[in-house]
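Undergrad: Residue numbers (the numbering used here), protein chains in the order written: chain G, 1 to 235; chain U, 1 to 446.
Since the hints were derived computationally from the structure, they do not count as laboratory data. Quick caveat: nothing in here was measured; it's all calculated off a predicted structure. Incorrect hints may appear among the rest.
[Said to hold, decoys possible] Here are the simulated DSS-like cross-link-like pairs (lysine-lysine), alpha carbons at most 27 Å apart as the crow flies:
1) U:Lys-354 with U:Lys-258
2) G:Lys-133 with U:Lys-129
3) U:Lys-189 with U:Lys-258
4) U:Lys-258 with G:Lys-9
5) U:Lys-129 with G:Lys-155
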Amino acid sequence: MSNSEHTSKQFDADLEDIRSRVLQMGGLVEAQLMAAIEGFSSGGEAVIDQVLTAEPRVNSYEKEIDDAIVHVVARRQPAASDLRLIMGVSKIVTDLERIGDEAEKIARMARQIYARGALTIPRSIDVRQTGNKAAMMLRRVLDAMARLDAGEAEKIIAEDKLIDTEFRGIMRQLITYMMEDPRTITTALDIVWIAKAIERVGDHAKNIAEQVIYIVHGTDVRHTAAPPAALQGNA
Amino acid sequence: MIPVWFSLTLKFMSIAVVAVCVGLWQGAAAGWAAACAGLGLLHAVHVNHLSRMERWLINPSADTLPDPSGTWGLVFAGVYRALRLEARKRDAVDRELELFTQAAQALPDGIVMLDSGDQLLWCNETAAKHLGLNPSTDYGLRITNIVRVARLAAFLQSAKRDDILDYRPAHNPGQTLSLEVIPFSDGRKLLVSFDITLIERADTTRRDFIANVSHELRTPLTVIHGFLEHMTDAPVQPAEQARRHIGMMVQQSNRMLKLVDDLLMLSRLEGGDAPQREERVDVYAMAHMLVEDARALSAGRHTIEMAVAPDACITGSAEELRSAFGNLVSNAVRYTPTTLPPGRITLAWRTNEKGGALFSVTDTGIGIAAEHIPRLTERFYRVDRGRSRETGGTGLGLAIVKHVLLRHQATLEIQSEPGAGCEFRIVFPPWRSVTDVSAPVAADAA
């Protein structure tokens, strides 16, 4: 990794700088997601605005990091672990940007729900808990990225299933809710969107975890039911 | 002690003397041969010792120290002494360093040492807990990679002395940290973290309290002010109306008086400056008076009973206990409906299984939902705002009870079910039941 010395100190500095910026972007997206969930449970205008105003900054992070990646590839022709870091990071950035979009979606829906003046929000506690779980997952995957901890990344991949299960549970309950009282359908549909966005955040976090494993071990664990046996020894 | 140079010269000279003797006796060739043999032998001895020294120096210790006699013994001993001195110095430095590390660990504040690139050099356990760092894996990583807050990165870049950053860690909701950066040698930085959660909470409590007090005082004042203004605008009023208005103003000013009294009582109890009076309190007489007061307050709308033995007494401050008991009784009167059948309120005094005295007030009133019970003794906490004020409560009664009980090492137990009434129990520690008969009897300080 960037810990091993290169002849050119500048190269090391460039790689470390990219990694740092990705993690900074991750921190921003994480804060955005937490604010979005908070906005959903409290309806506070200030937090919702916070989510929406962070969006352009996330986008500019994405562009800057992509630019830095192209520069490093063009100037240094990285190989081996450096190449894996660059490739992994460029995919992680995309996932992070999408998480930012999902957070924005949650915030917009929350504003819509509260603007409508819905008195009761069905399953709001469940949705908030699942949302916090997804935010926790994102935080842990960013930690794993900072520490290059493939073992932790594997655990996170396994946890995504939990969020998927919870999402299906919320869906079922919402359907019962809508059948009992058709007046709640509008609000319930908005909540379906929010729950879906949270479920997507979990998926993106899982993708990032897969890239962390790729960066550390060079094994591609995407689209496999279980991590390959070669990896299980390492973790 | 023979100096090294002398002993070596002596050996050399004796070889030379022997060689000359042999030369004189057997001829020059034999003499040279003897000289060569002698020098060779001497050389072999030195080579042997040198290689032992070399082997020993790889892992020098007292156990394996060769102990040849003579000149080489001196050399070995000298080298060993120098090494031991060095080791002792290093141990002292190590101990000192360990001491400093332990001192830094023991600090109640978090300390993080960063190099010029903001990479983590060292942190104590408090800092690890505060910032979510892991000392076993994170040394050498940039701190902004672990603590991913955009404000922190900017803060580390531009912070001057005495700049402070408030930070709420996401991994530990509810905690508030205050971060400070102190630059030291060559662009390195110390990041110090203080836990200000409690300070912040105390601040919020104080702000809430002031807001509540102002609000509580303002409400009756608004009523009085309104009537006064009305009187200024229309000085001549029918006598009947004026009397009614004045009556309401008296009622409101009474409420303000009671609130201020309660506040003063509370601040006196909290301040704890005045030493607590310990006297023998005649609970029977006190309960009797409380029942009288309660009957007056209830105006015959409740059945009020008393189950207190005539010899019931306790050690404590009569005035404070009267206030605490009185608050419980007046609460019971105010929260028990007067519709038929009339509510029943019972004052009782008994001894629990641990031998402590127990004062209880039981009513058949509206009861309290479980989620409110833990917060009842908070100042100005109200289950039902409207009801409490219309019945003349200040919102401070149970807070006063709590503080009085604290001063008497007693506890308050509340048992209730909504709609089924409730029981407030004051449980005293057993030693308070042992009353000194010679102490003055204070039935009622008021």
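Undergrad: The structure should be examined with respect to each hint, and the outcome stated for every one.
TA: Hints, one by one, checked against the model:
Proximity of Lys-354 (chain U) to Lys-258 (chain U) is assessed by CA-CA distance (about 37 Å); at most 27 Å being required, the pair is judged violated. As the CA atoms of Lys-133 (chain G) and Lys-129 (chain U) are separated by approximately 21 Å, the hinted pair is consistent with the 27 Å bound. Using a Cα cut-off of 27 Å, the hinted pair Lys-189 (chain U) and Lys-258 (chain U) is violated, with the two alpha carbons roughly 57 Å apart. The straight-line distance between the Cα atoms of Lys-258 (chain U) and Lys-9 (chain G) is roughly 76 Å, outside the 27 Å bound, and the hint therefore fails.
Of the pairs offered as hints, the one joining Lys-129 (chain U) and Lys-155 (chain G) holds, with about 22 Å between alpha carbons and a cut-off of 27 Å not exceeded.
When held up to the earlier numbered hints, the structure conflicts with 1, 3, 4 and fits the remainder.
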